[in-house]
Each structure stands twice: as C-alpha cells, then as structure tokens.
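Listed here are the chains, written in short residue letters.
Protein chains: 2
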Amino acid sequence: MASQGNAALSLEAYERLKQDIRQNILPPGHQDTEPEYAARLGMSRTPVREALIRLEADGLVQLIPRRGARVLPISLDDMEDIYEILTALEPAAAAKLASTRPSAEALAPLRQAYLAMETALDADDLDAWADADDLFHRRMLELHGNKRMLDYVSTLFDQAHRARMITLHMRDKPIKSTQEHKEILEALEAGQSQQVEEIFREHRERARRELLSLLRKFRLSQL
Amino acid sequence: MASQGNAALSLEAYERLKQDIRQNILPPGHQDTEPEYAARLGMSRTPVREALIRLEADGLVQLIPRRGARVLPISLDDMEDIYEILTALEPAAAAKLASTRPSAEALAPLRQAYLAMETALDADDLDAWADADDLFHRRMLELHGNKRMLDYVSTLFDQAHRARMITLHMRDKPIKSTQEHKEILEALEAGQSQQVEEIFREHRERARRELLSLLRKFRLSQL
DNA sequence: GTGTTCGTCAATGCATACATTAGTCAATGC
DNA sequence: GCATTGACTAATGTATGCATTGACGAACAC
Numbered sequence: 002m003a004s005q006g007n008a009a010l011s012l013e014a015y016e017r018l019k020q021d022i023r024q025n026i027l028p029p030g031h032q033d034t035e036p037e038y039a040a041r042l043g044m045s046r047t048p049v050r051e052a053l054i055r056l057e058a059d060g061l062v063q064l065i066p067r068r069g070a071r072v073l074p075i076s077l078d079d080m081e082d083i084y085e086i087l088t089a090l091e092p093a094a095a096a097k098l099a100s101t102r103p104s105a106e107a108l109a110p111l112r113q114a115y116l117a118m119e120t121a122l123d124a125d126d127l128d129a130w131a132d133a134d135d136l137f138h139r140r141m142l143e144l145h146g147n148k149r150m151l152d153y154v155s156t157l158f159d160q161a162h163r164a165r166m167i168t169l170h171m172r173d174k175p176i177k178s179t180q181e182h183k184e185i186l187e188a189l190e191a192g193q194s195q196q197v198e199e200i201f202r203e204h205r206e207r208a209r210r211e212l213l214s215l216l217r218k219f220r221l222s223q224l
Numbered sequence: 002m003a004s005q006g007n008a009a010l011s012l013e014a015y016e017r018l019k020q021d022i023r024q025n026i027l028p029p030g031h032q033d034t035e036p037e038y039a040a041r042l043g044m045s046r047t048p049v050r051e052a053l054i055r056l057e058a059d060g061l062v063q064l065i066p067r068r069g070a071r072v073l074p075i076s077l078d079d080m081e082d083i084y085e086i087l088t089a090l091e092p093a094a095a096a097k098l099a100s101t102r103p104s105a106e107a108l109a110p111l112r113q114a115y116l117a118m119e120t121a122l123d124a125d126d127l128d129a130w131a132d133a134d135d136l137f138h139r140r141m142l143e144l145h146g147n148k149r150m151l152d153y154v155s156t157l158f159d160q161a162h163r164a165r166m167i168t169l170h171m172r173d174k175p176i177k178s179t180q181e182h183k184e185i186l187e188a189l190e191a192g193q194s195q196q197v198e199e200i201f202r203e204h205r206e207r208a209r210r211e212l213l214s215l216l217r218k219f220r221l222s223q224l
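Chains V and B, in that order, are what the protein sequence lines are.
If you're matching positions, the first sequence starts at 2 in my numbering and goes up one per residue.
If you're matching positions, the second sequence starts at 2 in my numbering and goes up one per residue.
Simulated from the structure, these hints should not be mistaken for laboratory data.
Fair warning: this is a prediction, and the values are worked out from it, not measured in the lab.
Check the hints yourself; a few may be wrong.
If the Cβ cut is set under 10 Å, some of the chain B residues that face chain V in the computed set are [as the list claims (entries may be wrong)]:
#	residue
1	Ala8
2	Arg55
3	Asp59
4	Glu81
5	Ile86
6	Ala93
Simulated pairs of lysine to any residue, SDA-like, Cα-Cα distance not exceeding 20 Å [as the list claims (entries may be wrong)]:
#	chain 1	residue 1	chain 2	residue 2
7	V	Lys97	B	Asp79
8	B	Lys97	V	Leu213
9	B	Lys218	B	Arg163
10	V	Lys148	B	Asp59
11	B	Lys97	V	Asp79
12	B	Lys148	V	Tyr84
13	B	Lys19	V	Asp59
14	B	Lys97	V	Arg210
15	B	Lys148	V	Thr88
16	V	Lys148	B	Ser222
17	V	Lys19	B	Asp59
18	B	Lys148	B	Asp59
19	B	Lys148	V	Gln113
Idealized CB from N, CA, C, for every residue including glycine.
From just these sequences and the hints, can you work out the full model?
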C-alpha cells in the first residue's frame with residue numbers, strides 16, 4: 002500500500018524494510034532500535050521512523066515504546082484469521098467479476114498470470130510460481146475494481162508471505178492449485194458466477210487446510 | 002486502530018484529528034499544511050506528521066507532497082466498495098459465530114448493544130442509535146475473535162461514518178434495521194448458522210441499497 | 001487581454017538537538 | 001548469596017534547523 006506522500010528516503014526505508022521482512026532477512030521476532038535500523042539503511046532516524054509507522058499499519062512490525070520495532074511473527078491463529086478473510090472476500094469478488102461477463106481480452110492479464118504459474122511449475126521454480134500466484138489473485142481483484150479490497154488483500158498476502166513460502170517448499174509441487182486457477186479462469190471466461198464462487202472458495206479452503214496441517218505437523222507455530 | 006507505539010502527543014494528534022474528521026469539523030476536501038495542523042493542535046510538526054501518516058493508512062486523509070494533507074471525500078463508488086466488503090465479511094463471521102453455539106451469556110454484550118439501539122430509537126436519538134449500531138457490529142466481530150477482521154471493519158466504519166450519519170438524518174426512523182439486529186441476535190442465540198448468514202447479508206444489502214439510493218436522490222456524490 | 005518568464009516565498013523532507021525516562025548493572029545492605 | 005537501591009546509559013518522543021523545490025504571482029511580451 003505505497004502511499005502518495007512518500008518522499009525518497011522515507012519510501013526507500015519502507016520498501017527495503019518490507020522486502021527484508023518478506024524475504025526473511027529480518028526474521029520474525031527480530032528487534033532493533035531505531036538508530037540501528039537507521040544505521041543499516043544509511044539514513045537518519047526520521048525517515049526510518051515514518052517507514053516503521055507505515056509498516057506497523059501494515060501489520061508487519063510492532064513498535065514497542067523505548068525498545069524499537071519488532072518484526073511480527075505469524076501464528077497459526079493468525080493464518081486461520083487471514084484465510085478466513087480471504088475466503089470471504091475473493092470468491093465474492095470473483096463471482097461479481099464473472100457476472101459482468103468479461104471478455105477473454107479483458108481477462109488476458111489473468112490468463113497471462115496463470116500461464117506464468119504453469120511455466121514456473123514446469124521449471125520447478127517455486128519462487129516464480131508463488132509470484133505468479135500472487136499476481137493472479139491481485140489481478141483478479143484489479144479487474145473486479147474494488148481498490149480497497151485489493152489493497153487490503155495485498156497487505157494480508159504480505160503478512161502471510163513467509164509462512165506460505167515455507168510450506169510451499171515442504172510439500173509436493175502445487176499441481177492441484179495450478180489446476181484450480183485454470184478452472185477459475187475458465188469459469189470467469191464463461192461468465193459462470195456461481196461456479197467461480199464455489200471453485201474459488203474450495204480453492205481457498207483447501208489451501209488453508211493444507212497449509213495449517215503442514216504447519217501443525219512440523220510444529221511451526223510461529224513464523 | 003490505535004497502535005501500540007503512540008506517545009502522548011502523537012496519539013493525541015491522531016485521535017483529535019480522527020474525531021474532527023468523523024464529526025465533520027474537518028469536512029471532506031478540507032486541506033491544510035502541516036504547520037497549520039500543528040498550530041491548531043498546539044504542538045510541533047513532528048507528532049502531527051506521524052498522526053497524518055497513520056490517518057493516511059486508515060484511508061481518512063491523503064498526504065499531498067508540498068501541499069499538506071487533505072481530508073478524503075467518500076464517493077458513491079467508495080460506498081459501494083465498502084459495503085461490498087462488509088457484505089462479504091460480516092455474514093461469514095456471524096455464521097461462524099453461530100456455529101459455535103454461543104450461550105446467551107456469551108452473547109450478552111450483543112444483546113446489550115441491541116437494547117441500546119431500541120432505547121435510542123424510542124428516544125429518537127439518532128446519534129445514540131448509530132453508536133449502538135456500530136457497537137453491535139463491533140461486538141459481534143469481537144465475539145467471533147478474528148482481530149484482523151474487527152480492525153479492518155472498524156476502519157471501514159470510520160471511513161463511511163459521515164455518509165451514514167447524513168443519510169440517517171434524511172430518512173425515516175431505522176425501525177426495520179433495528180428489527181433486523183434483533184433477528185440476527187436471536188438466530189445467533191439459536192445457533193442457526195445458515196439463517197444468521199442470510200439475515201445478515203440481507204441486512205447489509207438492504208442498508209446498502211437504501212443508502213445509495215438516498216445519496217443519488219439528493220445528488221450527494223461526494224461526502 | 002492572454003500567455004510566458006522569472007523571482008520570491010514557504011512547505012516539505014530530512015537531519016539533528018535535547019530533555020525525559022526506561023532499562024541496566026554495580027554497589028550496598030541484609 | 002540474594003534482594004534492593006541508585007546512578008548511569010541510551011533510546012525515545014518531540015522540537016527545531018536547514019536545504020531543496022514546487023507553487024504562486026508579478027512583470028513583461030505579444
């Protein structure tokens with residue numbers, strides 16, 4: 002949710018810290034003082050402070066008075082909560098999109114994202130697959146046109162990113178998931194509102210079940 | 002979403018500005034520079050700046066480089082988007098809550114909020130009614146226990162607050178709406194998951210239709 | 001009268017200064 | 001040996017300083 006009023010350094014601090022958190026360079030639980038973050042980023046405390054405030058609003062860090070900022074871990078309950086919201090929002094959005102009977106041309110960005118998932122799957126490139134998966138979901142919401150929903154779902158994706166990447170590497174290739182995206186795409190192209198909603202909901206619920214059972218199995222209660 | 006790392010002045014700036022926006026003291030479109038907000042609040046630019054960053058994350062103001070901060074107006078499309086999200090989230094949460102078969106005791110906070118709505122309705126106190134309505138919805142989500150959902154729905158309520166208050170004063174007493182809350186409460190007490198979901202969705206969709214048609218009728222495209 | 005250029009002014013973005021205060025640790029008392 | 005106290009340290013929260021730069025208006029050309 003890169004906001005408007007972000008000047009150079011403040012924006013840089015925000016994006017670099019966010020990237021470092023997503024990529025586990027700043028792992029969950031990591032805690033530094035403001036001067037430490039400032040030194041790491043090579044700037045003064047002011048832009049860093051502003052970036053940390055935004056990251057707190059994004060749910061990625063927690064500002065602890067007098068003790069700096071802590072990278073928030075994600076618990077199993079957090080993942081449950083996040084998936085519950087996604088399961089409520091995305092299928093509804095997809096159904097509405099389908100009801101507008103979008104042309105194949107309009108859905109081209111979605112098809113492209115889906116094809117990128119297939120390519121990444123064939124190449125066994127899980128990172129690329131995850132990027133394409135994210136893109137598919139984001140683009141679906143872009144096409145739907147509810148900007149608030151897109152922004153919020155994006156922040157949830159960011160929060161869940163680390164956990165998803167870990168489980169992605171722990172299990173079999175995401176063939177089923179890729180297939181489900183194809184079905185969603187085709188149902189969208191056919192304008193089948195009901196079907197899209199059901200497939201999407203089933204997709205989300207299966208993803209949630211699998212993710213949580215993996216995390217439980219490996220006793221990863223904090224990520 | 003009052004965050005943790007808020008010191009005295011910064012927190013005060015955040016809350017006062019938020020209140021002033023909700024209560025239309027700072028009307029939509031209002032734009033001031035940082036020094037002006039600072040002077041109004043009797044503090045330096047620093048805590049004001051931090052408050053404005055948080056308010057931007059809340060979707061209440063827009064920071065415009067070199068030109069200060071503008072109180073964001075809410076358009077008809079914004080209201081559509083907000084209600085779409087609420088319609089997806091709240092009924093799902095209510096259904097899950099019902100499926101836990103909560104005791105009447107557990108639902109006491111909800112019943113209390115509902116009774117406050119009735120009292121306010123009888124007293125023709127629309128402001129109190131709106132507060133009780135807000136409280137009902139918030140408490141339902143508190144009981145459900147998904148903190149992210151509660152926080153997000155709360156920020157949406159804040160964004161929509163002005164528009165809701167305006168339409169509330171333009172129409173007949175919200176008898177039907179109050180009645181629907183009673184039905185929701187009773188279905189929750191009966192543990193009727195499906196019914197709760199349906200009633201809640203119908204409640205949200207009716208509220209959305211009425212609100213939007215009022216706004217259109219009076220050509221209030223920006224609030 | 002309209003459009004253009006230039007100079008002034010002030011708000012921002014960032015850095016820094018500074019008082020306050022929480023946290024730490026050693027010294028002391030028991 | 002353990003707990004308590006107190007002084008020191010350092011991070012925060014806020015204020016202020018300062019260079020940059022965009023906005024605005026006046027003067028001018030046409």
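Quick rundown of the hints versus the structure:
no.	hint	verdict
1	Ala8	holds (7 Å)
2	Arg55	holds (6 Å)
3	Asp59	holds (8 Å)
4	Glu81	holds (8 Å)
5	Ile86	holds (6 Å)
6	Ala93	holds (4 Å)
7	V:Lys97 <-> B:Asp79	holds (16 Å)
8	B:Lys97 <-> V:Leu213	holds (18 Å)
9	B:Lys218 <-> B:Arg163	holds (17 Å)
10	V:Lys148 <-> B:Asp59	holds (14 Å)
11	B:Lys97 <-> V:Asp79	holds (16 Å)
12	B:Lys148 <-> V:Tyr84	holds (13 Å)
13	B:Lys19 <-> V:Asp59	holds (19 Å)
14	B:Lys97 <-> V:Arg210	holds (17 Å)
15	B:Lys148 <-> V:Thr88	holds (16 Å)
16	V:Lys148 <-> B:Ser222	holds (18 Å)
17	V:Lys19 <-> B:Asp59	holds (19 Å)
18	B:Lys148 <-> B:Asp59	holds (16 Å)
19	B:Lys148 <-> V:Gln113	violated (35 Å)
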